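Residue numbers (the working numbering), protein chains in the order written: chain A, 1 to 443; chain B, 1 to 443.
Calculated directly from the structure, the hints in this document are not laboratory data.
Small disclaimer: the values here were computed from a predicted structure and weren't measured.
Backbone N, C-alpha and C define an ideal beta-carbon position, used for all residues, glycine too.
You can trust all of the hints, since none of them are fake.
Here are some, though not all, of the chain A residues that point toward chain B, as calculated from beta-carbon distances under 8 Å:
| hint | residue |
| --- | --- |
| 1 | P55 |
| 2 | E63 |
| 3 | S70 |
| 4 | Y85 |
| 5 | L117 |
| 6 | F164 |
| 7 | Q301 |
| 8 | K307 |
There are 2 protein chains.
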Amino acid sequence: MDACRNRIGGNLKLENMKTLPREELLKMRDTLCARYDAVRTLGLRLDMSRGKPSPEGLDCSLELLDVLGSKSDLHCETGEDVRNYGLFDGIPEVKRLFGEILGVPPEQIIVGGNSSLNAMYDCVGRALLLGVYGGKQPWVKQGPLKFLCPVPGYDRHFAITEQFGFELVSIPMDENGPDMDEVERLVNHDPSVKGIWCVPKYGNPTGIVYSDETVRRFARLKPAADDFRIFWDNAYFVHDLYPDRPHTLLNIFDACKEEGSEDMVYEFMSMSKISFSGGGLSCLAASPNNVAWLRKQMSFQTLGFDKINQLRHAHFYKNRETLLRHMAVLADILRPKFEAVLRIFDENLSGTGIAQWTRPEGGYFISVDVLPGCAKRVVALCKEAGVTLTGAGAAFPYGRDPQDQNIRIAPTYPSLGDLCQAAELFCLCVRLAAAEKLLEGAV
Amino acid sequence: MDACRNRIGGNLKLENMKTLPREELLKMRDTLCARYDAVRTLGLRLDMSRGKPSPEGLDCSLELLDVLGSKSDLHCETGEDVRNYGLFDGIPEVKRLFGEILGVPPEQIIVGGNSSLNAMYDCVGRALLLGVYGGKQPWVKQGPLKFLCPVPGYDRHFAITEQFGFELVSIPMDENGPDMDEVERLVNHDPSVKGIWCVPKYGNPTGIVYSDETVRRFARLKPAADDFRIFWDNAYFVHDLYPDRPHTLLNIFDACKEEGSEDMVYEFMSMSKISFSGGGLSCLAASPNNVAWLRKQMSFQTLGFDKINQLRHAHFYKNRETLLRHMAVLADILRPKFEAVLRIFDENLSGTGIAQWTRPEGGYFISVDVLPGCAKRVVALCKEAGVTLTGAGAAFPYGRDPQDQNIRIAPTYPSLGDLCQAAELFCLCVRLAAAEKLLEGAV
Numbered sequence: 001m002d003a004c005r006n007r008i009g010g011n012l013k014l015e016n017m018k019t020l021p022r023e024e025l026l027k028m029r030d031t032l033c034a035r036y037d038a039v040r041t042l043g044l045r046l047d048m049s050r051g052k053p054s055p056e057g058l059d060c061s062l063e064l065l066d067v068l069g070s071k072s073d074l075h076c077e078t079g080e081d082v083r084n085y086g087l088f089d090g091i092p093e094v095k096r097l098f099g100e101i102l103g104v105p106p107e108q109i110i111v112g113g114n115s116s117l118n119a120m121y122d123c124v125g126r127a128l129l130l131g132v133y134g135g136k137q138p139w140v141k142q143g144p145l146k147f148l149c150p151v152p153g154y155d156r157h158f159a160i161t162e163q164f165g166f167e168l169v170s171i172p173m174d175e176n177g178p179d180m181d182e183v184e185r186l187v188n189h190d191p192s193v194k195g196i197w198c199v200p201k202y203g204n205p206t207g208i209v210y211s212d213e214t215v216r217r218f219a220r221l222k223p224a225a226d227d228f229r230i231f232w233d234n235a236y237f238v239h240d241l242y243p244d245r246p247h248t249l250l251n252i253f254d255a256c257k258e259e260g261s262e263d264m265v266y267e268f269m270s271m272s273k274i275s276f277s278g279g280g281l282s283c284l285a286a287s288p289n290n291v292a293w294l295r296k297q298m299s300f301q302t303l304g305f306d307k308i309n310q311l312r313h314a315h316f317y318k319n320r321e322t323l324l325r326h327m328a329v330l331a332d333i334l335r336p337k338f339e340a341v342l343r344i345f346d347e348n349l350s351g352t353g354i355a356q357w358t359r360p361e362g363g364y365f366i367s368v369d370v371l372p373g374c375a376k377r378v379v380a381l382c383k384e385a386g387v388t389l390t391g392a393g394a395a396f397p398y399g400r401d402p403q404d405q406n407i408r409i410a411p412t413y414p415s416l417g418d419l420c421q422a423a424e425l426f427c428l429c430v431r432l433a434a435a436e437k438l439l440e441g442a443v
Numbered sequence: 001m002d003a004c005r006n007r008i009g010g011n012l013k014l015e016n017m018k019t020l021p022r023e024e025l026l027k028m029r030d031t032l033c034a035r036y037d038a039v040r041t042l043g044l045r046l047d048m049s050r051g052k053p054s055p056e057g058l059d060c061s062l063e064l065l066d067v068l069g070s071k072s073d074l075h076c077e078t079g080e081d082v083r084n085y086g087l088f089d090g091i092p093e094v095k096r097l098f099g100e101i102l103g104v105p106p107e108q109i110i111v112g113g114n115s116s117l118n119a120m121y122d123c124v125g126r127a128l129l130l131g132v133y134g135g136k137q138p139w140v141k142q143g144p145l146k147f148l149c150p151v152p153g154y155d156r157h158f159a160i161t162e163q164f165g166f167e168l169v170s171i172p173m174d175e176n177g178p179d180m181d182e183v184e185r186l187v188n189h190d191p192s193v194k195g196i197w198c199v200p201k202y203g204n205p206t207g208i209v210y211s212d213e214t215v216r217r218f219a220r221l222k223p224a225a226d227d228f229r230i231f232w233d234n235a236y237f238v239h240d241l242y243p244d245r246p247h248t249l250l251n252i253f254d255a256c257k258e259e260g261s262e263d264m265v266y267e268f269m270s271m272s273k274i275s276f277s278g279g280g281l282s283c284l285a286a287s288p289n290n291v292a293w294l295r296k297q298m299s300f301q302t303l304g305f306d307k308i309n310q311l312r313h314a315h316f317y318k319n320r321e322t323l324l325r326h327m328a329v330l331a332d333i334l335r336p337k338f339e340a341v342l343r344i345f346d347e348n349l350s351g352t353g354i355a356q357w358t359r360p361e362g363g364y365f366i367s368v369d370v371l372p373g374c375a376k377r378v379v380a381l382c383k384e385a386g387v388t389l390t391g392a393g394a395a396f397p398y399g400r401d402p403q404d405q406n407i408r409i410a411p412t413y414p415s416l417g418d419l420c421q422a423a424e425l426f427c428l429c430v431r432l433a434a435a436e437k438l439l440e441g442a443v
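Throw the hints in and build the complete structure from the sequences for me.
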């Protein structure tokens with residue numbers, strides 16, 4: 001691929017660095033150092049820190065802006081003028097669209113503003129101050145509280161509950177999702193555990209899709225707290241990189257219905273990585289009991305979110321089928337980026353014994369584990385050479401990775417050319433940091 | 001005026017009902033009853049309950065929808081793509097526009113979502129859970145708290161603080177604003193008083209504009225609490241019915257600067273009654289200290305509000321001058337409605353001794369005081385005859401008007417013809433309720 005011809009890190013032997021004799025390691029470090037110094041002079045300015053859509057991806061929704069104009073009918077299908085107050089939980093056509101793609105009845109949908117993060121923040125805030133359906137007291141009246149954080153996970157999730165003073169409890173993850181033995185042990189026996197953050201499909205940053213059994217075990221939880229909630233952030237539910245073979249996630253509400261546990265779940269979804277991050281819609285799906293309760297609470301908060309933008313989205317994305325077609329177009333933009341990064345990782349790191357990485361088939365991230373104690377060093381080395389990564393440790397509660405080994409790669413925003421440069425530099429830094437660490441004899 | 005020819009309540013003598021002999025009062029009640037029964041058969045279906053813009057008013061901003069299309073430049077003036085994440089406190093051109101119309105530097109502006117009510121709700125919620133700049137503790141850690149509510153006032157303000165468990169303390173109002181002796185007595189001596197709700201210009205529902213001296217006394221407050229805030233909801237700051245002679249409100253930040261008390265004020269503003277109630281922008285203006293504090297708190301809440309809609313507004317309303325021209329067009333739609341209602345009140349109620357009303361020169365409401373103990377009855381009579389008014393007592397904390405005499409009239413939404421019918425019915429009901437009450441001998 002032309003864009004990826006510039007070989008920053010190539011031509012280094014792929015041998016297991018852990019078993020190299022000290023002398024060879026010294027030589028390798030010097031070679032890596034020289035190469036790193038050369039790269040620094042290139043004056044790169046690349047940002048792989050956040051999961052942002054690319055300009056080309058955003059262009060795919062440009063015509064959303066033409067859907068409503070001054071000559072358009074500005075009434076929703078039930079006749080209300082979307083320009084005026086009213087329908088604070090969303091217009092019916094968007095509730096139907098979101099219900100259809102999430103597999104829940106439209107009555108269980110609340111359409112929000114442009115930020116699902118804000119919707120989650122609000123749900124935590126309201127639970128703290130006002131309580132949740134079925135709970136005896138607002139969370140804030142109940143003394144020290146805990147929130148479960150499967151790791152590595154989404155830093156902004158953890159940050160909400162950290163800001164509000166929860167004790168964040170890390171839960172290990174494997175390829176099926178969170179360690180459910182641990183989740184059950186904590187949720188079912190400790191009433192101070194009030195919630196858990198989940199990104200169940202193509203999780204941030206691992207790309208893991210929860211297995212059916214994991215989803216069922218969530219549905220079977222018997223919380224010690226009467227006001228426990230699963231925050232099910234289905235952010236990447238239609239973000240398949242290979243739309244012809246999408247991963248499927250068991251519908252949590254279907255699983256819960258069998259167990260009578262529907263009230264335990266708040267599901268979130270967002271159009272930010274479908275239409276525009278700076279002008280999309282958010283969605284909250286919940287049980288009828290929760291929706292009735294939330295509608296009542298929210299009626300104090302707002303007279304409604306932007307219904308004009310809701311009507312725009314309803315007209316443009318229409319239904320599940322047309323929306324999935326749109327996602328396939330976005331996948332064509334994203335897939336080459338993921339594949340390029342993975343190819344560069346393979347070419348530069350496989351067999352070295354110093355890094356492992358995920359091969360996600362959807363979502364927005366790749367998760368890399370480098371040698372323990374090396375993640376911060378890698379991020380610093382990249383930064384110094386002009387490539388900004390997500391801060392090391394960001395995917396862990398309090399920003400502290402106990403092993404200092406996890407790094408989140410966000411390949412969606414940069415152009416393919418920039419991305420390849422950045423990925424190669426990253427590999428070089430991973431090797432350099434590993435050489436330094438191995439020479440310390442600390443691993 | 002043709003639209004107002006249908007005389008539901010006309011041709012009744014305008015004599016002081018309070019001094020009528022009992023026999024004449026009985027006769028009058030019977031006449032009013034007969035007329036009321038006749039009106040009931042008309043099957044009216046009119047809603048004067050909420051301050052909603054009319055369809056004609058909304059039409060004035062229709063071209064806002066054409067400003068941005070798929071061919072537009074979608075970067076704000078500092079070069080950021082408004083479609084993507086970032087600039088969570090607003091794009092620079094909107095900060096400048098809002099700063100210009102409010103008379104504060106753009107750095108003191110935070111542009112929010114489409115609802116200023118939500119912005120206020122968020123400020124109360126964050127103060128409760130996280131505290132405010134300069135405060136030692138989050139409000140929620142400080143035991144029973146009070147919030148001051150000048151009455152009559154805006155029901156949704158009071159409802160926010162009622163939902164969050166504050167004790168709501170009524171403050172009487174006169175033509176200059178709240179009773180500042182009482183405000184000073186409470187704010188300056190009681191640390192449990194955490195805030196006060198103000199609509200300083202064309203207040204909801206009275207239409208009162210705070211006098212310069214009132215604003216200065218606000219600026220001179222020396223709160224006993226280190227975390228007291230004035231919630232200055234400048235909702236109607238450019239909503240003059242007579243744009244050639246607008247009322248002026250002293251700039252609270254100018255007044256505070258002289259006293260060094262800028263950190264005491266959160267000012268709110270909204271485009272909901274300028275562009276679209278269902279798709280506008282909200283604004284929070286605050287001191288540099290508060291803005292820095294709020295920006296930090298809000299960075300946990302959202303990655304940003306809808307910047308595409310912000311750019312749309314910036315392009316369409318441009319600057320203070322063009323925005324004021326737009327308001328003059330809206331005033332031409334609103335003024336005849338206010339004047340028609342006031343004329344009908346004059347023709348049907350003046351000299352009767354049973355009602356007093358405000359004659360606002362801006363804003364969205366007229367406030368009527370009927371005989372004590374009659375407001376609920378008037379609202380019920382109107383309802384039964386097909387005209388929905390704001391619930392009696394709504395303008396008071398807990399929805400309880402101690403005198404049961406205040407009624408809020410919202411003349412903005414109905415057509416002129418509907419409005420005249422509704423206003424005449426209202427006068428009829430005011431007289432009927434007064435006759436009933438006077439016959440009880442209870443007044």
